[in-house]
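2 protein chains.
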Amino acid sequence: MNETPNPPSRNPTTHILKVSAQSSPNSVAGALAGVLRERDNAELQAIGAGATNQAVKAIAIARSYLESSEFDLVCIPEFIDVEIDGKERTAIRLLVERRPRTAA
Amino acid sequence: MNETPNPPSRNPTTHILKVSAQSSPNSVAGALAGVLRERDNAELQAIGAGATNQAVKAIAIARSYLESSEFDLVCIPEFIDVEIDGKERTAIRLLVERRPRTAA
Chain F
1 MNETPNPPSR NPTTHILKVS AQSSPNSVAG ALAGVLRERD NAELQAIGAG
51 ATNQAVKAIA IARSYLESSE FDLVCIPEFI DVEIDGKERT AIRLLVERRP
101 RTAA
Chain Z
105 MNETPNPPSR NPTTHILKVS AQSSPNSVAG ALAGVLRERD NAELQAIGAG
155 ATNQAVKAIA IARSYLESSE FDLVCIPEFI DVEIDGKERT AIRLLVERRP
205 RTAA
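Read top to bottom, the protein sequences are chains F and Z.
Last residue of the first sequence: number 104 in the numbering used here, and the count goes up by one each step with no gaps.
Last residue of the second sequence: number 208 in the numbering used here, and the count goes up by one each step with no gaps.
Think of the hints as simulated: they come from the structure by calculation, not from any bench.
Backbone N, C-alpha and C fix where the C-beta goes; we use that ideal spot for every residue, glycine too.
Be aware that a few hints might be false.
What the hints assert, rightly or not - Straight line, CA to CA, 25 Å or less: simulated SDA-like cross-link-like pairs of lysine to any residue: (1) Z:Lys122 / F:Ala21; (2) F:Lys18 / Z:Ser168; (3) Z:Lys122 / F:Ser64; (4) Z:Lys122 / Z:Ile188; (5) F:Lys18 / Z:Ala125; (6) F:Lys87 / Z:Pro129; (7) Z:Lys191 / F:Gly50; (8) F:Lys18 / Z:Gly152; (9) Z:Lys122 / F:Glu78; (10) Z:Lys191 / F:Pro25; (11) F:Lys18 / Z:Ile180; (12) Z:Lys122 / Z:Gly134; (13) Z:Lys191 / F:Ala60; (14) Z:Lys122 / F:Ala60; (15) Z:Lys122 / F:Ala49; (16) Z:Lys122 / F:Ile47; (17) F:Lys18 / F:Thr102; (18) F:Lys18 / Z:Gly154; (19) F:Lys18 / Z:Phe183.
As the list claims (entries may be wrong) - Among the chain Z residues that face chain F by a calculated CB cut under 10 Å, a handful are: (20) Ala125; (21) Ala153; (22) Asn157; (23) Ala164; (24) Arg167; (25) Tyr169; (26) Ile180; (27) Pro181.
So that you can see chain F by itself, here it is in the shape it has in the complex (with noise of 0.2 Å):
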């Protein structure tokens, strides 16, 4: 559906969740941890205010489905166009990356 018009500074393998304002942050949450158990990085894409928090949640709860692993999450915002049904909007895209556990 989205196309991002600026994907060449992306690595093109990234796996893109695309959050909306009705999207559970449990659900993507489970998708987003279940992700970057098999990769080192993910995004998720949000258009509004609604669908950006319900990312930032997501990511959060990620944080705690790993709890147990050798890694954490870190996330990297950023504002994208993306083209939605001929019209321009701008979302947000949240790189998500792991990042070894420093010891506590």
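Given chain F, work out where chain Z should sit, using these hints.
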């Protein structure tokens, strides 16, 4: 105003910026970039979808403000309980940290 009841795991010198739905992302970004030019980390606190959205936008903008510096920003979201006017609320805490830029 707000009290965070669980500071033990937190660096007590972390600089906290409280963000509301009415906060200007550009202003918060300016404050955040200013703090992170001087220190390794800062913390944004937001309650509600509108506030969380402004906080995430502020981090994205702060990253662009720091584009010419030797470090980028990452954020680590988590839930915290805060007390406001005697009522317990769940807030989002976004710990923002510097990260050295990797070679392009």
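Now for the hints, and whether the structure bears them out:
no.	hint	verdict
1	Z:Lys122 / F:Ala21	23 Å, holds
2	F:Lys18 / Z:Ser168	24 Å, holds
3	Z:Lys122 / F:Ser64	24 Å, holds
4	Z:Lys122 / Z:Ile188	13 Å, holds
5	F:Lys18 / Z:Ala125	23 Å, holds
6	F:Lys87 / Z:Pro129	24 Å, holds
7	Z:Lys191 / F:Gly50	23 Å, holds
8	F:Lys18 / Z:Gly152	20 Å, holds
9	Z:Lys122 / F:Glu78	20 Å, holds
10	Z:Lys191 / F:Pro25	24 Å, holds
11	F:Lys18 / Z:Ile180	20 Å, holds
12	Z:Lys122 / Z:Gly134	14 Å, holds
13	Z:Lys191 / F:Ala60	22 Å, holds
14	Z:Lys122 / F:Ala60	18 Å, holds
15	Z:Lys122 / F:Ala49	17 Å, holds
16	Z:Lys122 / F:Ile47	23 Å, holds
17	F:Lys18 / F:Thr102	30 Å, violated
18	F:Lys18 / Z:Gly154	19 Å, holds
19	F:Lys18 / Z:Phe183	22 Å, holds
20	Ala125	8 Å, holds
21	Ala153	4 Å, holds
22	Asn157	4 Å, holds
23	Ala164	4 Å, holds
24	Arg167	7 Å, holds
25	Tyr169	13 Å, violated
26	Ile180	5 Å, holds
27	Pro181	4 Å, holds
The structure is inconsistent with the numbered hints 17 and 25, although it conforms to all the rest.
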